[in-house]
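**Student:** Now for the letters of each chain:
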Amino acid sequence: MSNAKLPSTVRKSKGDDLVVSGNQDYVTMTIADQMFGIPVLQVQDVLGHQRITRIPLAPPEVAGSLNLRGRIVTAIDVRLRLGLTGRPKDKPGMSIVVDLRGELYSLMVDSVGEVLSLTKEDFERNPATLDPRWREVSTGIYRLNGQLMVVLDVPRLLNFTTIETA
Amino acid sequence: MDDLLSEFLTETNENLSVLDVELVRLEQNPNNPELLSNIFRLVHTIKGTCGFLGLPRLEKVAHASENVLGKFRDGELTINPEAVSLILQALDTIKSLLAVLEATEAEPPGDDLPLIERLNLCAEGKLGGPAPAAAAPPPPPPPTAPAVAASEARPVTLDELEALWNSTPGPNDTPAAAAAPAASAAPSTAVATRAPEPAEEPAPSHDLVVPDPEPAAAKMPAPVAPMASGSASGNGGADAGAEAATKESAVAAQTIRVNVDLLENLMTMVSELVLTRNQLLQILRSQKESEFAAPLQRLNHVTSELQEGVMKTRMQPIGNAWAKLPRLVRDLAHELNKKIDLQMLGADTELDRQVLELIKDPLTHMVRNSADHGLEIPAERLKSGKSETGRITLNAYHEGGHIIIEIQDDGKGLAIDKIKQKAIQNGMASEGELASMTDQQIIQFIMKPGFSTAAKVTNVSGRGVGMDVVKTNIEKIGGTIEIKSAQGKGSTFVIKIPLTLAIVSALIVECAGERFAIPQISVVELVRAAADSEHTIERLKGTPVLRLRNRLLPLVSLQQLLRLDDSEDAKKPADEIFIVVTQVGTYTFGIMVDRVFDTEEIVVKPVAPILRHIEMFSGNTILGDGSVIMILDPNGIASATGEMAMGEAAGKETTAVQTQRQEDKMALLLFRAGQGAPKAVPLSLVARLEDVDLATVELSNGLPVVQYRGKLMPLVPIDPNFVVANEGRQPVLVFADGDRSMGLIVDEIVDIVEEKLNVQLAAERPGLMGSAIIAGKATEVIDAGFFLTQAYKDWFGSSTQEGFEEEKLQRVLLVDDSPFFRNLLTPLLSVAGYDVTAVENAGDALALCEAGEDFDVIVSDIEMPGMSGFDFAEAVRHGSRWQGVPMVALSSHASARDLDRGRIAGFNDYVAKFDRDALLFALQQTLTEQKGAA
Chain A
673 MSNAKLPSTV RKSKGDDLVV SGNQDYVTMT IADQMFGIPV LQVQDVLGHQ
723 RITRIPLAPP EVAGSLNLRG RIVTAIDVRL RLGLTGRPKD KPGMSIVVDL
773 RGELYSLMVD SVGEVLSLTK EDFERNPATL DPRWREVSTG IYRLNGQLMV
823 VLDVPRLLNF TTIETA
Chain B
-18 MDDLLSEFLT ETNENLSVLD VELVRLEQNP NNPELLSNIF RLVHTIKGTC
32 GFLGLPRLEK VAHASENVLG KFRDGELTIN PEAVSLILQA LDTIKSLLAV
82 LEATEAEPPG DDLPLIERLN LCAEGKLGGP APAAAAPPPP PPPTAPAVAA
132 SEARPVTLDE LEALWNSTPG PNDTPAAAAA PAASAAPSTA VATRAPEPAE
182 EPAPSHDLVV PDPEPAAAKM PAPVAPMASG SASGNGGADA GAEAATKESA
232 VAAQTIRVNV DLLENLMTMV SELVLTRNQL LQILRSQKES EFAAPLQRLN
282 HVTSELQEGV MKTRMQPIGN AWAKLPRLVR DLAHELNKKI DLQMLGADTE
332 LDRQVLELIK DPLTHMVRNS ADHGLEIPAE RLKSGKSETG RITLNAYHEG
382 GHIIIEIQDD GKGLAIDKIK QKAIQNGMAS EGELASMTDQ QIIQFIMKPG
432 FSTAAKVTNV SGRGVGMDVV KTNIEKIGGT IEIKSAQGKG STFVIKIPLT
482 LAIVSALIVE CAGERFAIPQ ISVVELVRAA ADSEHTIERL KGTPVLRLRN
532 RLLPLVSLQQ LLRLDDSEDA KKPADEIFIV VTQVGTYTFG IMVDRVFDTE
582 EIVVKPVAPI LRHIEMFSGN TILGDGSVIM ILDPNGIASA TGEMAMGEAA
632 GKETTAVQTQ RQEDKMALLL FRAGQGAPKA VPLSLVARLE DVDLATVELS
682 NGLPVVQYRG KLMPLVPIDP NFVVANEGRQ PVLVFADGDR SMGLIVDEIV
732 DIVEEKLNVQ LAAERPGLMG SAIIAGKATE VIDAGFFLTQ AYKDWFGSST
782 QEGFEEEKLQ RVLLVDDSPF FRNLLTPLLS VAGYDVTAVE NAGDALALCE
832 AGEDFDVIVS DIEMPGMSGF DFAEAVRHGS RWQGVPMVAL SSHASARDLD
882 RGRIAGFNDY VAKFDRDALL FALQQTLTEQ KGAA
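Those protein sequence lines, which keep their order, are chains A and B.
Here the first sequence stands for residues 673 to 838, where the numbers follow my numbering.
Here the second sequence stands for residues -18 to 915, where the numbers follow my numbering.
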């Protein structure tokens, strides 16, 4: 499962010094033109467009489930989870597969970018004025050249009990 | 050999091997409390199991050793080599006893008094020097020689082995000693095999004994048992042992202990293999000529066999779950003073270990229930012509990939009346609902939480937790439970459970473009409903139902249930619908789907935690074509649709409470018949609801009649122009009085509601009392009396003649402000043989008094405009001509305070307003009293 089919760029940067103190590697992705990042070690797989089985009665954020090499993966529409509108039908989108307590989840995003190694100096806590929904699922922000990257906290992203109350 | 015994032997031998090692270690580190408590625990376990199995000789020895160890543990004795050797000696005795036990399945006769004495002495701290040789117990007779002689093996003397053993590095802290499938043919030969997996600390609950075809468990004479403890690390002794092992493998290693996790893993992998195989086969089907066909076919077979084989490793006879029942029943019989004979059939029926674990408790509970509630005491049994001894029969067998377990008793059967009473008491259903329920439906109440019919809570059962837990547990493993009961003959519980939880066969269906799997276990049949087929879906206020073999089958639309929106909105309603007839317990319903595919073997995988709350699904799986599909849970669907009913019942409960506070609410039966608005009749007037097969309707005197409970019952349609059809079924409201009954033909029974009845428009048509708003709709309230006279022209008259020929008719004055009640009670009392005069208020009544009318009894409402019932009674009692006429109060207030007040005011009796029987009874009572007094 760990021999993920990552894009070649990912492979290269993966070899880079992961353990350099202060540096963290993130798989980047774009959702509605905003860049997000997930710590690379939490990522299992990156998938293209997949056939998804809808799950009736499931929360709207749950797009369905799919078969990943014999394992059933629950697909989460991150757009809806972040309180954004659904993806336009013509855009196929991509998915990042993460593992949470032994269960696989596929996070559906618009596109997956390269892996970035970022230093602690560029990290900042969430601004207090950030949308509460975003603040809940993000651990902080990285200041990059020309744009900002929101770090997603996978366990919190997949904690659906807070959604109902939100 | 008895499974229980062989398991005990395996376990005890393992424990003994551990003990040997641990005791030696203890001798070296006498101050290790952990070690000591472990030893104590092991000996205690041995003692406990011996006691349980009824092996007194073993138990005594173990008990004495335990005493000594207990002293060690409590620090009352210091650990010294003498004491340790004494305990080791005791262990050796236990081992030799076990060897005999194993060979003969019985303890050798005799006792071990000298040893026990010495152990007791030791416990008292009086043990001095080393044990005199004479004190050693005489070795029990050697076990009978096993079938395979050790003649071919190199004879290994005990001494040699002992020497080798000593030269082998001690197994120190290797808990591998637990894995001890060692065997030996005779005391002169030793065989040591090594378990393939070094098991960890013996934890019986996680280990599983895999029995070989002949469960002639390992032969293990005492002196060489330590050999088992993993000394296979390549020295002479082990080699010799291994050599011997190959030659004697027929007897040796009949069972091995494998960690259950390993088996679980194997099972998972095989499940995956099955899935992959299915995928390959699917691909193969789409290709006509393929060189893969033959190898795939072979792979297919091998996979199936592998699957079967692995499943078998998880299989255990159901007898294991029953092992404790005979004892339980015996104890119960004593406690309850009953005579109970427990029969167990099909104890060797095998089922998945996991399933076995899960049904153990429910089974125990149900047997207990049968013994406690089901079977009568001997005296009672004799009275009802049964033998004194009650019988509980457990029967297990395979049927179509499922296991059926029946628990049957020949006791008194379930008391329907008690269940009804209890259901009302607990607010689970109203009387009206119960009236229209079949016995089968009523029985289901015992499965509801918080239900117990036992009059008192006994030690054994009756705490109201039980059957619902049983049901939940069984449903948890995808099983169903069914109850059959015959009054006076006994009851039968039938549990149907899947063979295994891992792989199930499921029916694949499609609804609104999505596919779902329905476990085959719950599917009874498939019905195609289309305009051109004999089956069509009919609707009752939008609720779809299906006529299936003269029964109405409730239907559940999967699309609505799962809130599936049709992808193509424009799609016209399908002209062809498939109905999956599903059975959950005794509740049968149909699931409407668009298409039905074939059945497939699927591996149930749990759904992601974030979806667990959706109870419609029991899991998900990957189909042969690689797509993910949700597995529907029929139990969930049943309870989801049933929950609506339950919610309704809960709602009823609150209305019931309100009724007590709010007057004039009554249960009304709503139905449709003929043209116009829905119709209603007070439920209290209706004796039963029946579904009459029109084919059985005959004509008598030009009127339709039907044979009903051995009598002819006239059928009267509400609509005079109604023509009775020749076939089909028709709901009928049965009105009964004494031994006469009459059926009112209606089109459809709609509902039973509790409503305040307020007749607003007087009726002009005969047969109608008027119109009222019921359940938010204009409803016609029918005049039951009118239809009664239609059935029997002399309905009221005749009973008068029959019952009161010699006597003057009893005259009743009815005072009630509500025209409805006057209309309701007048026919009712007339039927009962009274001559009724009804007036609207107290004033009119008193006017009658003054006019010189005479009555035998006065029935009066309490809440009336103007003069209330109390005032009226006082007025009557104080100086009126009717001073001596008995009075019965009629009110919806029937609290103790009201009763007192009524009595003070002068009423003789007080009756709740809607209780027809109570009223008649009260009238009769009052009149007889009056006569007696006069």
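Please keep in mind that the hints were generated in silico from the structure rather than gathered at the bench.
Ideal Cβ positions, reconstructed from N, Cα and C, are used throughout, including at glycine.
Do not take every clue at face value.
[Claimed, not checked] Interface residues of chain B toward chain A, partial, derived using beta-carbon atoms under 10 Å: (1) E253; (2) G494; (3) L539; (4) I603; (5) S608; (6) V609; (7) L829.
**Student:** Are the hints correct? Go through all of them and say.
**Tutor:** Results of checking the hints against the structure:
1. For E253(B), the shortest C-beta to C-beta distance to chain A is roughly 6 Å, which falls under 10 Å, so the interface hint holds.
2. A hinted interface residue such as G494(B) counts as satisfied when its beta carbon comes closer than 10 Å to some beta carbon of chain A; here the least separation is about 9 Å, so the hint holds.
3. For L539(B), the suggested interface contact is upheld, since its CB lies about 9 Å from the closest CB of chain A, less than 10 Å.
4. With a cut of 10 Å, the hint placing I603(B) at the interface with chain A holds, because the nearest CB-to-CB distance is about 5 Å.
5. About 6 Å separates the beta-carbon of S608(B) from the nearest beta-carbon of chain A, less than 10 Å, and the hint is met.
6. A least Cβ separation of about 4 Å between V609(B) and chain A falls short of the 10 Å threshold, and the interface hint therefore holds.
7. Look at L829(B): its Cβ only gets to about 67 Å from chain A, farther than 10 Å, so that hint breaks.
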